[in-house]
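Student: Each chain, letter by letter, is given below.
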Amino acid sequence: MNTLSSSVQWVWAFSVAAQLTVMVVLIGKEQFRKLQFFTFFVALNLSQALFLFLLICFHQSGAPKYIYMAWGSQAIILVAQAFATTEILRLVLGPYQAIWTLGWRLILATSLVDLFFVLALFKGDMAWALMEADRGYHFIFATAVIACLFLFRHYRVPISTVYKTLLAGFCFYSCVEILINTILKNIFTSGSVRYEALWQIVTMGTFTVMQVAWAVVLRKPLPAQQAVVKSLPPAVYDRISPEINLGLRQLNDQLGKFWKVEAPRP
Amino acid sequence: MNLTFAVTVVLFLLVLLAWALRTPRRTRSLDEDALNFLGDGERPHITHLPQIRQALADADFEFLRSRGREKLASQLRKERRKVALNYLPAVQEDFEKMLHIGRIVAVLSPEVKTVEEWERLRLTMRFYLRYHLIRFALQCGLAPIPQLSELSQLVSALSIRMEMAVKELGERAALAAEITSSFGGGGVNPV
Chain A
1 MNTLSSSVQW
11 VWAFSVAAQL
21 TVMVVLIGKE
31 QFRKLQFFTF
41 FVALNLSQAL
51 FLFLLICFHQ
61 SGAPKYIYMA
71 WGSQAIILVA
81 QAFATTEILR
91 LVLGPYQAIW
101 TLGWRLILAT
111 SLVDLFFVLA
121 LFKGDMAWAL
131 MEADRGYHFI
141 FATAVIACLF
151 LFRHYRVPIS
161 TVYKTLLAGF
171 CFYSCVEILI
181 NTILKNIFTS
191 GSVRYEALWQ
201 IVTMGTFTVM
211 QVAWAVVLRK
221 PLPAQQAVVK
231 SLPPAVYDRI
241 SPEINLGLRQ
251 LNDQLGKFWK
261 VEAPRP
Chain B
1001 MNLTFAVTVV
1011 LFLLVLLAWA
1021 LRTPRRTRSL
1031 DEDALNFLGD
1041 GERPHITHLP
1051 QIRQALADAD
1061 FEFLRSRGRE
1071 KLASQLRKER
1081 RKVALNYLPA
1091 VQEDFEKMLH
1101 IGRIVAVLSP
1111 EVKTVEEWER
1121 LRLTMRFYLR
1131 YHLIRFALQC
1141 GLAPIPQLSE
1151 LSQLVSALSI
1161 RMEMAVKELG
1171 ERAALAAEIT
1181 SSFGGGGVNP
1191 V
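Sequence lines, in order, name chains A and B.
Those letters in the first sequence? Residues 1 to 266, per the numbering used here, in order.
Those letters in the second sequence? Residues 1001 to 1191, per the numbering used here, in order.
No false leads were slipped in.
FRET-style restraints, in silico, Cβ to Cβ:
| # | chain 1 | residue 1 | chain 2 | residue 2 | range |
| --- | --- | --- | --- | --- | --- |
| 1 | A | I77 | B | F1012 | 23 to 33 Å |
| 2 | B | L1121 | A | L54 | 49 to 59 Å |
| 3 | B | K1082 | A | K123 | 56 to 66 Å |
| 4 | B | R1122 | A | L198 | 38 to 48 Å |
| 5 | B | L1121 | A | L198 | 40 to 50 Å |
| 6 | A | L130 | B | R1022 | 28 to 38 Å |
| 7 | A | R33 | B | E1096 | 38 to 48 Å |
| 8 | B | P1089 | A | G205 | 42 to 52 Å |
| 9 | B | V1115 | A | D253 | 18 to 28 Å |
| 10 | A | R90 | B | V1015 | 23 to 33 Å |
| 11 | B | H1132 | A | F51 | 48 to 58 Å |
| 12 | A | R249 | B | H1132 | 14 to 24 Å |
| 13 | A | L246 | B | D1058 | 23 to 33 Å |
| 14 | B | A1137 | A | L246 | 18 to 28 Å |
Because the hints were derived from the structure by calculation, they are not lab data.
Cβ coordinates follow ideal geometry from the N, Cα and C atoms, glycine included.
Starting from the given sequences, assemble the full structure and let the hints guide the process.
Tutor: Have a look at this one:
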């Protein structure tokens, strides 16, 4: 039977407590009705914590079977995270059909660009392939969420603090995962034996902080579901949008001419 | 991916995240802007356009120079440059109003064209880049003032065209009511 260091056990305990708190808030405040995938994600995380705990306690941590089982559970969590995030984006953009469609295209485009980038950086090191895949996923995920937040900002789509915090939490956690996965590889190759404890403490510590923030914001009621906005006739967009773009283009051309005119006379 | 590169990427992502999440300086929401634009409130920039154009015209400088009043002409140019600098934000405001109509129409449309939206975003970025360069050049006394007159005319003409297009489509009242009801949710802030 393996044992975790006491510091890791403490972080683990805090993390589980924070996740339980989020779950209690979700159920107690009946937020789960609206955030179904998100609730499922939290429940899966709790299940994963129990699963990994049992795995660590009763299996040899370096065994390939242990590693594949642990990473397998992580893959499920990552899929659930993507669904939970999409659910939040859908709740924010739901009333705005066109922007939601645009958001999807943006997510797809950023994901494809990132995927190309991640594959280009992969050096064929199969021993670290799973970790690199995890890092690649978090990179794609963080970029896509940030792109969507920029989309909200550009179109001034109203977003409640609750949804903003949930999305920011996911994104921040992904950034930490990218960093720790890279640092971990460097620490491991330098021969340090403390890398696993460090990895557990940093990732779970961040996850716990994120859960606490979520528990705090989820205590407030979620904004009422907005009805789908009654759209303008498509002809309005087809007519006004090109006209605005034409105007902006003319304006830019005009601005460009500033530099082609001789300097003021003294 | 080496460590330095990863740290740089993560820092960049975190800065972008913070930027995307920050509350805008101007907290006017979509509905307020739209209603201001569509409403009957006066638009001071267009109202004062003839005076601004006159102030920016070259005729006065030419006249003073022809009378041998070089010093006065130079002083006048400096003062009018200040006027131009003060007027630039008004040009920007008109530009933003126009841009905003584009946003409102996109938000309220059942379908939008990605190419059109991307083109607008690209043009907006170009506008701001050039705008700030011109502002800087004006501050340094490098940009020609008469060009600003043409620019202000163009922006004003475009604003008027936009307003007419919206009016012509007969959506004014319906759009205003729609926006008011759609964006009036309490406790929700525009990103």
